[in-house]
Amino acid sequence: MSSQAFPAARLSHLEQLEAESIEIMREVITEAERPVMLYSIGKDSAVMLRLAQKAFYPAPPPFPLLHIDTTWKFRAMYALRDRVSADTGMQLIVHRNAEAERLGINPFDHGARHTDMWKTEGLKQALDLHRFDVAFGGARRDEEKSRAKERVFSFRSARHRWDPKNQRPELWNLYNLRKNPGETIRVFPLSNWTELDIWQYIAAENIPIVPLYMAAPRPIVERDGVILMVDDDRFRLRPGEQPVLRSVRFRTLGCYPLSGAVESEAATLAEVIRETFTALTSERQGRVIDRDDGAQSMERKKQEGYF
Amino acid sequence: MPAASELAVAPGRSPQPVSASEAQARDEVARHFRATEQKSLLRVITCGSVDDGKSTLIGRLLYDSSALYDDELAGLARTGEGAIDLASLVDGLAAEREQGITIDVAYRFFSTRSRKFIIADTPGHEQYTRNMVTGASTADLAIILIDARKGVLPQTRRHSMLVNLLGIRELVLAVNKMDLIGHDEARFNAIVDAYRSFADTVGIARFTAIPMSGLNGENVIQPAQTMPWYRGRTLIDHLESVSAAAPPHDEPMRMAVQWVNRPDQDFRGYAGRIASGQVAVGDKVAVLPAGSRATVERIVTHDGDLARASAGQSVTLVFAEAVDCARGDHIVADAAVRTAPASALAATLVWMADAPLVPGRSYWLKTGTQMLTATIGAPHSVLDIEAMQARTAPTLGLNDIGEVEIELDRAVPRVLYSESRTLGGFILIDKLTNGTVAAGLIRSFPDRADARPPEAPGGAIEWIAPAWPGSDSWAQARSASFRSLGRPSILLDAPALRRGIAADVAQDAAGQEELLRRARAAAVLMCSAGMHVIVAIGATPEQAYPGRIIGEDPGADPQATDWVI
Ligand SMILES: Nc1nc2c(ncn2[C@@H]2O[C@H](COP(=O)(O)OP(=O)(O)O)[C@@H](O)[C@H]2O)c(=O)[nH]1
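From first to last, the protein sequence lines stand for chains A and B.
Note that our numbering has the first sequence beginning at 1, numbered continuously upward.
Note that our numbering has the second sequence beginning at 1, numbered continuously upward.
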């Protein structure tokens, strides 16, 4: 956000959100020993990465990016990920859970275990392996009701468990980052951003995002009311299923067989934002993982260390 | 959806050719950005007791301002009559409370044409002090909810005192459920009068009272047809028009340095968020507490250098001169430097931990961007928020608010909470558990020379006089129970004294007199250091001074166990 563009003394809400996120990131790197930024290749990660570049400019962000790979992301996501490291000059660490790889864990055969092993376990492994003590994540409080009371700083035990009964109050902009031996911290610098803020910022800042967020004709099947994209030939079609081309876009991106699309003609960022104003479906509805184990699943995943 | 949503949206998807709809979308987005660039951010805290209608009111604001998505609307609970249950929009706290999850504040978001709002929603009952202080610490405006049938209640006064304490100057008295009192003007006026006389006594300078019904949406977003006698603004109109959102631009510039940016030999920048005022290239500034002077050469951001920057912005300053400046230092407008740094301060503490304050022990104190070691004195007074008056107490327990003096291990720039909510506040951190145990507001910087002795020493002395059967073990148990609560306590009995400071005292009547004298002197010293001293050396009631006399078995001691609120 160029502040020169609006020199008025009062900051816009996007400028304030930006300044607050930058403040949080700077606070972290002065007190953390080995910080890392979780990079999921989604739009929130894209915004978080831009904010990191701003926070430490002219230095590059003083931490690496970490992608917890499941081998099942959309191809377009891998394409963007592989550009990011070159574009930012930051180190990109890709971690895959070797155990999950060996067992051939996949979203078709293994259901919830797929997410548990690749994402939850994979993240714990990577944090332990590299001894990262603080990890930035792109979660927002507006994503769902249960996140509304999330802290910006969330402490995890040495075994990566979240103790919801023992959270620290967060007063003013005075964050307490002191941790006990073995503890790690998840930091959410986008806590106060809404989905609309994210889109507006991407547009205003011209931030590169995965093209899947924009509508295009894509091969899809519709399964239990969810539109799934057939991104490669590993997709298991059920009897009678036949991929058809339809104009769809994604509101959240994860493993392609677990990410629901919405039908849309919004082929450009401007149109997507317009559609988002009318918000036809709330964001997480498009993501299958939240549904398979009921409304409490997000909370449970978090307690187990999933982001 | 109604009113405050910003764009009229065609229902359904348009089958127009992409080019036309793209042009139209771009146009709309451009218009939208012009609007959002001018959008400001207002942080609001809502205060109410259970069943005053807080959830319904917040649900109404979200619902009427289109902050919801269609599937959230579809998933909403319905009431018996099939109307949408607005309160269910913001549920989610109850279940968590049952699981014992600490919820101090939940944050909700919505926006209107001119503002984005962040609502801090605090559970209204147990631990409301801790929760409300957390939510209020960042709020610009407070909505104090009143059930019109009940009027101004003790909790209304408590909530108001807390938000006033935290420096929120914009108060809205939301007189809710007007539909249940027949939209009666006289009763509304009576409530406002009652509140005004209370507000005057506690120094609340102004407030805005609005009669409303969250359930029916009267005077929330839409003006109420039912209350033609009310000619003021609706709640949303008021929220959109108050000026509280503006950060303090006209005050002297202050910025706490967060991080020194040194990517290479040629660049040295001081990164931080400007707390107040404005800074321009060429400005003379001072670095505190050292007091060295410098000139701002560049204001660096990723988007290019700026000529000037103002409160709220995160920037990186480069000086023309090489000066010592580190994390924790304040960069301030040269003209703002009038006083030397101070290493003692007087503050209001809000205690937030189960374990009470231990006077005399050292804690981490984080203020601005620095971490200091602080020794906290026993409280001069504790605000009894139920009785709304100050009382004395030896220490502070969960949710207590007290006045203390604090010694720091080094000097800090003098910034009062009344001058800056950003730099005049602090948190205390327990050095053993690393937990955040208190919020503090800096009230003054007492200079050592004329610092008064504490009015009420934090410790206490109790005499077992005369002894009764079992008094020895009673005294031991009492002292142990204080200690288990984290409160320093000691038992002075004959064996303990004769092992050390009374080893040379004879075992006769004159010796007993001397033992008493020494016990009394030791007890007074320990008490003034904040300890709870129990003296059990066979004194008579006449000899048992100063302090409290326990002359018979008081039975199980309720005070020792209920001591932490
Ligand atoms: N008649 C009437 N009832 C209301 C109004 N606002 C809330 N209520 C009712 O009061 C009860 C408590 O409301 P709720 O929003 O859950 O209160 P909270 O505990 O403060 O969050 C519910 O039965 C609501 O329907 C109002 O303006 N008028």
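Simulated from the structure, these hints should not be mistaken for lab results.
All C-beta atoms in this analysis are idealised placements derived from N, C-alpha and C, irrespective of residue type, glycine included.
Mixed in with the good hints, there may be bad ones.
[What the hints assert, rightly or not] Facing chain A, from chain B, some residues (calculated, C-beta under 10 angstroms):
| id | residue |
| --- | --- |
| 1 | Asp104 |
| 2 | Thr226 |
| 3 | Met227 |
| 4 | Pro228 |
| 5 | Arg231 |
| 6 | Arg233 |
| 7 | Thr367 |
| 8 | Phe426 |
| 9 | Ile549 |
[What the hints assert, rightly or not] To list a few chain B residues with every Cβ distance to chain A over 12 angstroms, as calculated:
| id | residue |
| --- | --- |
| 10 | Arg115 |
| 11 | Asp237 |
| 12 | Arg262 |
| 13 | Pro263 |
| 14 | Ala309 |
| 15 | Ala311 |
| 16 | Leu516 |
Hints versus structure:
Hint status for aspartate 104 (chain B): holds, given a least beta-carbon distance of 5 angstroms to chain A, under 10 angstroms. Checking threonine 226 (chain B) against chain A by beta carbon gives a least distance of about 31 angstroms; that is not within 10 angstroms, so the hint is violated. Annotation: interface hint on methionine 227 (chain B) violated; nearest CB of chain A at approximately 32 angstroms, more than 10 angstroms. A hinted interface residue such as proline 228 (chain B) counts as satisfied when its beta carbon comes closer than 10 angstroms to some beta carbon of chain A; here the least separation is about 35 angstroms, so the hint is violated.
The interface hint given for arginine 231 (chain B) is broken, as the beta carbon of that residue sits about 29 angstroms from the closest beta carbon of chain A, more than 10 angstroms. Annotation: interface hint on arginine 233 (chain B) violated; nearest CB of chain A at approximately 21 angstroms, more than 10 angstroms. Using the Cβ-Cβ criterion of 10 angstroms, the hint placing threonine 367 (chain B) at the interface with chain A is satisfied: the shortest such distance is roughly 7 angstroms. Here the hint on phenylalanine 426 (chain B) is kept, as its CB sits about 7 angstroms from the closest CB of chain A, short of 10 angstroms.
A distance limit of 10 angstroms between C-beta atoms decides the matter here; for isoleucine 549 (chain B) the minimum to chain A is near 41 angstroms, and the interface restraint is violated. Remark: the non-interface label on arginine 115 (chain B) conflicts with the geometry, its nearest Cβ contact in chain A lying 8 angstroms away (cut-off 12 angstroms). For aspartate 237 (chain B), the shortest C-beta to C-beta distance to chain A comes to about 19 angstroms, beyond the 12 angstroms cut-off, and the non-interface label holds. Some Cβ of chain A comes within 12 angstroms of the Cβ of arginine 262 (chain B); the nearest lies about 8 angstroms off, and the non-interface call is violated.
Under the 12 angstroms C-beta cut-off, the non-interface status given to proline 263 (chain B) relative to chain A is violated; the minimum distance is some 4 angstroms. Separation of alanine 309 (chain B) from chain A is inadequate, the least Cβ-Cβ distance of about 7 angstroms not exceeding the 12 angstroms criterion. Non-interface call for alanine 311 (chain B) relative to chain A: violated, since the shortest CB-CB distance, roughly 8 angstroms, does not exceed 12 angstroms. Distance to chain A confirms leucine 516 (chain B) as a non-interface residue, since its nearest Cβ pair spans about 46 angstroms, more than 12 angstroms.
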